[in-house]
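> Protein chains in written order, with our numbering: chain A, 1 to 287; chain B, 1 to 366.
Simulated from the structure, these hints should not be mistaken for lab results. None of the values given here were measured: they were computed from a predicted structure. Each hint should be verified, as a subset may be incorrect.
Just a few of them, taken from the derived set where beta-carbon distance is under 7 Å, the chain A residues facing chain B [claimed, not checked]:
(1) 56
(2) 58
(3) 75
(4) 175
(5) 216
Footprint (simulated), chain A over chain B, 3 or more residues, beta carbon under 8 Å [to be verified]:
(6) 72-80
(7) 84-90
(8) 94-108
Virtual Cβ for every residue (Gly too), placed ideally from N, Cα, C.
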Amino acid sequence: MSTLSRTKPMVGALRFGISYFFLVAVSLVFLTPLLWMISSSLQSLEGVFRVPFHWIPENLQWQNYRDAMTLIPFARYVLNTTVISIAIIAGGVFSSTLVAYGFSRFRFRGRDKLFGLCIATMMLPGQVTMIPLYVLFARLGWIDTYLPLIVPALFGSPFYIFLLRQFFLSIPYEYDEAALLDGASRFRIYWQIILPLARPAIATVVVFSFMGAWNDFFNPLIYINSFEKATLTLGLNSLKAQIIGAGQTQWHVLMAASVLVLIPNVLVFFLAQRQFIKGINVGGLRG
Amino acid sequence: MASVELKNVTKVYDNQVVAVKEASLEIKDREFAVLVGPSGCGKSTLLRMIAGLEEISEGEILIDGKTVNDVPPKNRDIAMVFQNYALYPHMTVFDNMAFGLKLRHLPKTEIKQRVMEAAEILHIKDYLDRKPKALSGGQRQRVAVGRAIVRKPKVFLFDEPLSNLDAKLRVQMRIEINRLYNRLNTTMIYVTHDQVEAMTMGTKIVVLKDGVIQQVDSPLNLYNNPVNQFVAGFMGSPAMNFICGEIQQNGDVQFISELLKFEIPEPVLNKLKDYNRKSILLGVRPENVLLANSVSGDIYSVPQKIAVDVVEPIGNEIFLYFRDSKQNYCMRMPPEHIYACGDTIEVVLNLSKIYFFDSETGYRLA
Chain A
1 MSTLSRTKPM
11 VGALRFGISY
21 FFLVAVSLVF
31 LTPLLWMISS
41 SLQSLEGVFR
51 VPFHWIPENL
61 QWQNYRDAMT
71 LIPFARYVLN
81 TTVISIAIIA
91 GGVFSSTLVA
101 YGFSRFRFRG
111 RDKLFGLCIA
121 TMMLPGQVTM
131 IPLYVLFARL
141 GWIDTYLPLI
151 VPALFGSPFY
161 IFLLRQFFLS
171 IPYEYDEAAL
181 LDGASRFRIY
191 WQIILPLARP
201 AIATVVVFSF
211 MGAWNDFFNP
221 LIYINSFEKA
231 TLTLGLNSLK
241 AQIIGAGQTQ
251 WHVLMAASVL
261 VLIPNVLVFF
271 LAQRQFIKGI
281 NVGGLRG
Chain B
1 MASVELKNVT
11 KVYDNQVVAV
21 KEASLEIKDR
31 EFAVLVGPSG
41 CGKSTLLRMI
51 AGLEEISEGE
61 ILIDGKTVND
71 VPPKNRDIAM
81 VFQNYALYPH
91 MTVFDNMAFG
101 LKLRHLPKTE
111 IKQRVMEAAE
121 ILHIKDYLDR
131 KPKALSGGQR
141 QRVAVGRAIV
151 RKPKVFLFDE
161 PLSNLDAKLR
171 VQMRIEINRL
181 YNRLNTTMIY
191 VTHDQVEAMT
201 MGTKIVVLKD
211 GVIQQVDSPL
221 NLYNNPVNQF
231 VAGFMGSPAM
241 NFICGEIQQN
251 GDVQFISELL
261 KFEIPEPVLN
271 KLKDYNRKSI
281 LLGVRPENVL
291 LANSVSGDIY
301 SVPQKIAVDV
311 VEPIGNEIFL
321 YFRDSKQNYC
331 MRMPPEHIYA
341 CGDTIEVVLN
351 LSKIYFFDSE
361 TGYRLA
């Protein structure tokens with residue numbers, strides 16, 4: 001008895017220790033570039049390339065951050081990117097949830113085929129549609145405006161539609177029926193019953209589409225030409241091209257700018273995380 | 001307050017399953033109708049068609065004399081309590097109950113007054129600020145009923161509302177819904193698979209099987225005068241005993257089975273005259289099988305010795321089970337006597353309360 005009761009917790013602790021060791025090791029691998037970026041953002045340019053690399057800089061170069069915000073119109077770009085991101089998120093969430101609601105709640109001829117077609121569009125690589133889309137937007141006179149970035153999102157994204165539809169299917173249909181008898185219209189059921197209950201799924205979509213929009217480099221690059229209309233990613237790119245003195249990229253400043261650009265991503269992720277956990281447990285039916 | 005009428009209502013699902021077949025039924029104003037039957041008999045489908053949640057394949061449904069086939073649920077002025085309550089999980093109890101009233105643009109003061117009134121009746125006043133998640137099953141049930149009564153609809157529909165509650169709570173809620181019916185005095189249609197619920201609550205019971213209405217009657221009539229073997233077997237617990245036997249005419253007409261043999265009483269003879277030497281089903285309820293020494297008179301059959309197979313003491317009564325080569329039979333006894341497995345007792349049947357059914361169609365003969 002005594003050996004059993006003593007060895008068991010020891011084996012448990014050992015297992016616990018080993019699994020944590022591997023988890024920490026792997027997360028360090030993934031964290032290294034991030035830590036390098038943060039460390040470099042506080043070094044001098046020479047410090048960035050010093051071998052061996054000093055993870056903790058001797059002199060914290062806080063002016064890198066000031067330079068990052070002055071070498072490019074940083075505030076302007078934050079505003080531009082925020083406006084675009086909010087428009088993409090709001091429009092995308094609204095349209096994707098509405099389409100997903102239709103697919104999950106209405107029975108109509110060809111519904112499943114249509115849904116399959118919607119999903120199939122995910123298989124088209126972006127490069128295939130890039131030129132036709134550019135031509136289309138050019139004919140519409142939308143080049144160097146935000147419309148090519150925002151308008152496509154208003155038609156929903158197949159991946160979000162799929163994700164939301166699956167979640168909506170897990171919401172019991174009795175809620176809809178109870179609301180129908182209470183006198184609610186289909187749109188009201190969507191707005192007042194389904195959407196509040198789908199908050200975890202919507203949080204996921206918000207995070208994904210925020211990251212997509214905030215970090216998008218490719219689309220702004222091809223559609224935005226004016227300096228003052230640029231987004232943060234274009235700003236980072238122009239910072240990379242800035243040549244001062246030695247004809248070398250100011251890596252320390254670039255890293256400082258990158259840290260600043262990254263912050264909203266982290267914030268949004270942690271804010272949404274609370275929703276994920278909160279939303280998992282919904283009551284109201286029996287049980 | 002309204003009457004509900006069904007005229008040859010049929011429901012065929014997309015996969016060609018016929019859920020309800022030509023159901024015709026009239027539920028009068030202020031009647032408490034209970035649709036009862038085993039699972040899959042179409043009772044819920046019928047209710048959902050009345051609610052407007054299910055399309056009607058054929059036939060007509062009238063509420064208050066008006067055809068409602070194409071009227072959307074919200075315009076039928078009905079309220080429904082769901083089996084799993086279907087309370088909106090993100091709303092408080094108050095908001096759950098007020099939701100329908102807000103959608104009907106009632107003034108705020110009236111909404112509040114109605115919700116408070118319902119909460120008072122259902123004893124849920126203390127929970128109005130809680131979300132459904134924080135309520136017990138019984139409390140959720142009350143909220144679901146509350147959500148229906150605040151609307152003051154013409155017709156209440158209940159879809160197996162008590163089946164998720166434990167036995168004790170079920171009895172309690174049964175009484176409360178009965179009380180509610182007496183208080184509101186509105187037409188109610190109630191679906192259940194539990195024949196005790198049906199018997200105790202309904203003023204009119206509709207028995208369904210395989211999508212077909214078997215019988216519509218008051219509880220006691222249904223119990224005493226079932227039209228067929230199904231209804232006879234479904235109503236009553238423990239269920240009626242069905243004993244397969246034969247009619248034989250050797251001078252007097254006798255019913256003969258493996259365990260039993262008795263002379264068929266005069267009043268029913270006429271109805272069985274075509275069944276000489278044919279197999280027939282005898283139906284007798286457990287309470288009409290009696291100990292031979294406890295009764296005497298013409299209405300009882302000749303005493304028969306039978307071995308007790310299983311004894312089930314309930315407390316206020318005892319169920320004794322016998323068996324022949326095919327099945328079990330039950331008798332209901334007062335709890336005074338104590339029996340053991342294997343005891344032999346003498347029993348008689350109360351011949352004034354026996355039924356005969358055609359052994360193939362199940363129709364009642366006498």
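> Each hint needs a verdict: does it hold in this structure or not?
For each hint, the structure was consulted:
1. 56: With a closest approach of 48 Å, the residue 56 of chain A hint is violated.
2. 58: violated (54 Å)
3. 75: violated (38 Å)
4. 175: holds (6 Å)
5. 216: Cβ of residue 216 of chain A sits 33 Å from chain B, so the hint is violated.
6. 72-80: n = 6 at 8 Å, threshold three: holds.
7. 84-90: With 7 residues in contact (Cβ-Cβ under 8 Å with chain A), the coverage given for the stretch 84-90 of chain B holds.
8. 94-108: With 4 residues in contact (Cβ-Cβ under 8 Å with chain A), the coverage given for the stretch 94-108 of chain B holds.
Checked against the numbered hints listed earlier, the structure breaks hints 1, 2, 3, 5; every other hint is satisfied.
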